[in-house]
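Q: Since each chain sits alone in its own frame, please combine them into the complex, following the hints.
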Amino acid sequence: MVSIGCGISEPGSTRKNKTGSWRTFKPVLDKEKCVDCDNCILFCPDGCIGKEHNIDYDYCKGCGICKVECPVKAIEMVREE
Amino acid sequence: MTKQVMTSNKAVAEAVKLAKPQVVPVYPITPQTTISEYLAQYVADGDLDAEYIRVESEHSAISATLGASEAGVRVFTATSSQGLMLMHEILFAAAGMRAPIVMADANRAISAPLNIWNDQQDSIAQRDAGWIHLYVENAQEAHDTIIQAYKIAENKDVLLPVMVCLDGFILTHTVEPVELLEAGAVDEFLPAYEPTHAFLDPEKPMSLGTLADPEYYTEARYAMQVAMDNAIPVIKEVGKEFGEKFGREYGLVDAYKCEDAEIILVAMGSMCSTIRVVVDELRENGEKVGLLRIRSYRPFPYEEINEIVKNADKLAVLDKNVTFGIGGALFTDICAKCDKDTYGFILGLGGRDIIPDYIKECVELTKSGEKKVTWIGLKEDE
Chain A
777 MVSIGCGISE PGSTRKNKTG SWRTFKPVLD KEKCVDCDNC ILFCPDGCIG KEHNIDYDYC
837 KGCGICKVEC PVKAIEMVRE E
Chain B
4 MTKQVMTSNK AVAEAVKLAK PQVVPVYPIT PQTTISEYLA QYVADGDLDA EYIRVESEHS
64 AISATLGASE AGVRVFTATS SQGLMLMHEI LFAAAGMRAP IVMADANRAI SAPLNIWNDQ
124 QDSIAQRDAG WIHLYVENAQ EAHDTIIQAY KIAENKDVLL PVMVCLDGFI LTHTVEPVEL
184 LEAGAVDEFL PAYEPTHAFL DPEKPMSLGT LADPEYYTEA RYAMQVAMDN AIPVIKEVGK
244 EFGEKFGREY GLVDAYKCED AEIILVAMGS MCSTIRVVVD ELRENGEKVG LLRIRSYRPF
304 PYEEINEIVK NADKLAVLDK NVTFGIGGAL FTDICAKCDK DTYGFILGLG GRDIIPDYIK
364 ECVELTKSGE KKVTWIGLKE DE
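Going line by line, the protein sequences match chains A and B.
Using this note's numbering, the first residue of the first sequence is number 777, and each one after it goes up by one.
Using this note's numbering, the first residue of the second sequence is number 4, and each one after it goes up by one.
This is chain B alone, in the form it adopts within the complex (with noise of 0.2 Å):
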C-alpha cells in the first residue's frame, strides 16, 4: 500500500470520505477549517455523496448534525477551540439523546486572550458532556481514529457520540506519510448505520428530546453512564479489529517502555511524540522512564492504568489544559484514580512549544518532588 504526505485535517477529511455520512453541517474555524474545505470538494466533486449543510454557526452545526443523526443516518461534523465553546449545550443533548455523531476537535486554546494556537483546554472543557474523547498521535492515527470512532459510536451497547481530538497546527497543519485505507476494505470493516433508537419514519413516528421528571431523568443518565463504561471493552475490541484488518492496532491507552520505569510520564496527544524522543535518550543515561499515552480519555480507562503503572514509583503527569485551583485536568484524573507518588505540570498553553529540555525538568522535579503542581517554561519578569 502506498503512502501519501499529507496534514491530519486531510487525513481525518479522508477517513471521513471513506465512513460516508450523509449529512456534513460544518461551520469553519481556524485550525479546523481545512477539514470543511476538504469535505465541500469532496461534495461539489461527487467523491462524497451527502448533504453538506453551510449553517451560521457551530450553535447550528452541531444542532442540525444532532437532527440528521436522529433522523437515522451517520452524520459528521468538525471544530475547534471557541466553536466548540458554543456547541456546548447541544454537546449533552446529542450524549443524552444517544446520537452517534462523529466530530473531529481540532484543540486549540480558549479566549481569552484570544489565542489560535494549540493547547487541549477546548475539549477538556467539554469532558462531562457524555461524549466518548479520544485523543490522536499523529496523523495516521487521526485517520485510523475517525473510522474506528463511527463503529464504537454506533455499537449497540454504547450509542454516544465521539469527538476525535487532534492536536490544532502541531498535527491539523503539518504534513506527515499517511497510509490511506481502502474503501472496499473500511465498507467491511464499517458497514452502512442502522438506526435503531431515533430514526425518521412516518409509519411508525416518535418523539425525541422528551422531557424526562424526576420519576425518569435518574435513569436515563444512568444508562449513559452504563454505555460509557461499556465502551471500555468496545474501543479495545474495535482497536484489536482494526489491527487485524489493517495492521494498526490501538487500545485505550499507549504504553512505551512502561515495564521497568521508575518515573512514568502521562500525557494525551502529539506531545507524546516527543516524549518518546525523551525517554530513549534518558535512558540512554540510564535512567528509567516510560511513557503512558491516553488515548481514551473519556471513558478513563483507570484500571488499565493501574496495571501498567503498578511498579513505578512516581507519575509526572503533563497537562495542556488547566483547570484553574487544582492542577490539570488529566492530572486530577489520575490523582482520583491511582494511589501513586504524582506530580502535575501544566505546559504547551496556547501554542508554546513543549521542548525535550521542558519535558527532561518535568522528569527532575518529579525526581526532587518539592511541589505537586508547576507550570513549566513560564518566563521571568523582566
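Chain A with its partners taken away, still in its complex shape (with noise of 0.2 Å):
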C-alpha cells in the first residue's frame, strides 16, 4: 500500500523494491565448475553476489556481466519463465 501522495518517512525504503523483477534472464552458477576467483563478486554493479557465491535474485537484474567474466563458464543465462 502506497501512502498519500507517496511520501516517504523513513530511510532506506528503497530495500523494499524488489527490483529483481526487471530481470529477463537469471544467472545460474553451476558450484562444481567454480574455482573460487570471485571474478563475479568483484564486477557484479549491483552488489547481488555474497561471499559464498550466492545471487541475491531479490536485486539482480541480469545484466550478465558475471556471466561474462567468468573464467571458468560456470554462469548460465537462463530465461525467467
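Keep in mind the hints are simulated off the structure, nothing from the lab.
By construction, the Cβ of each residue, glycine as well, lies at the ideal position given by its N, Cα and C atoms.
Hints should not be assumed to be uniformly reliable.
[What the hints assert, rightly or not] Okay, the calculated beta carbon distance ranges per label pair:
1) A:800 with B:340: 38 to 48 Å
2) B:244 with A:795: 44 to 54 Å
3) A:786 with B:40: 37 to 47 Å
[Claimed, not checked] Residues of chain B placed beyond 12 Å of chain A at every Cβ, according to the derived structure:
4) 36
5) 186
6) 235
7) 313
A: Next comes the structure, spelled out in C-alpha cells:
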C-alpha cells in the first residue's frame, strides 16, 4: 500500500523495491565448476553476489556481466519463466 | 448583511483573504491580474498575513505553491490561459503529491492566434491532471466557491488540488452585487489547515515527490481515482453545509426547469445565466426546455446528470472549447456517460459573445437533429 502522495518518512525504503522483477535472464551458477576466483563478486554492478557466491535474486537485474567475466563458464543465463 | 458591488476577481481575492492562506505565489496575467494585485495590496496593508512571493513565471508560481503546500501550510495561487499552460507539468505533480492547493483560473482562450478574451479552453486542456475543476456562474458563486474549495481539497478522503474556473472578463472584470462572507463565520466553517501527509518538521523528516517504480506507480494513481470518486459526496456535503451556514446552497450540478423538459441544454460557467433567460423565454412560447449547469466538471457527476436528464428526449451541450476531431469536451463526456440523443455546439470562442439568438439556434438544431456537432456563429466568407 502506498502512502498518500507517495511521501516517505523513513530512510532506506528503496530496499523494499525488489528490483529483481526487471530481470529477463537469470544467472545460474554451477558450483561444481566454480574456482573461487570471485570475479563475479567484483564485477556485479549491484552487489548481488555474496561471499559464498550465492546470488540475491531479489535485486539481480540479469545484466549478465557475471557470466561474461567468469573464466570457467560456470554461470549460465536462463530465461525467466 | 450588506452587499457590495465588485468584480468576480475582487470577490475571489476577498474570499482568499477570509481563507487565510500563509503563502501566495502569484504571477500576473490578463484577465487574472487584478486578483494578484488585490492580494498584494492586502498583504502590504497587513490585512492578509501571508508570504506573497513575486515569482518570475507561472511555472515558478505553481512550483512555489506546491512547495509551500508540501511544507504544510494553506496556499493560494491564480492564473489564466498561457500561464496555466506553463503550469501544466507541475499541475500533475501537485495532484500526484496530493497537495490541497486552491487556484483560481480566469478562463481565457489559448494562442494561436493570440487572444486575451474568454473561452474555457485553458482549464479544459488541464482536465486530466487530477485536479478538481469547479466552474462558477457569477461573482457571488466565485466568492463562495473559493471557501468551499479549501474545505473540499483539505478533506482527508480527498486531498486533491482544486481549480476554481471563472470566465475571463465576463466575470473577472464585470461588477455585480456580492454579499461578502463574515470572517468569524468563515473561520467556523473552514478551520485552520492541519496537514497530515506532507509537512516540514525536522523531528519527523520525510521525502516528498519520490520515485515510484512499476511496483507502486499504478496503486498511487489508483489512489487518486479513489480520491476523485470520494470528492463527489464531499463536494455535495460541503455545498450543503455552506448553504446551512450562509444561506446559499451549492451542488455538483444546478438544474433549472429540467423536470418536464424535452430538450435540456447542458453548459458550464457564465453562459448559463444567458441560457436561463432563453429557457424562460422559450417556455413562455410553450417550448419545454431546461438548463443543466455543470458546476463540478472533474469529478464528473454522471450519476446525478443521468438522474436529471432521464425524462428528456434530447440534450444540447454548449462548449466554449474544442477537442479537435471530435467536438467539445463537455459534449464528448456527456456522450460517453449518458445514453441520450445528444448534440454538441461549439460557441463563444476567444471572447465572441454568446447572444440569446445563438442559444435559440442550438435548440432549433437539436430539434432538427441533422448534425452531431455544429459551430455556432461562424461568419460567412465575404
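Q: Please go over all the hints and tell whether each is borne out by the structure.
A: Hints and how they fare:
| no. | hint | result |
| --- | --- | --- |
| 1 | A:800 with B:340: 38 to 48 Å | holds (41 Å) |
| 2 | B:244 with A:795: 44 to 54 Å | holds (47 Å) |
| 3 | A:786 with B:40: 37 to 47 Å | holds (44 Å) |
| 4 | 36 | holds (31 Å) |
| 5 | 186 | holds (31 Å) |
| 6 | 235 | holds (19 Å) |
| 7 | 313 | holds (37 Å) |
Violated hints for the displayed structure: none, as all numbered hints are satisfied.
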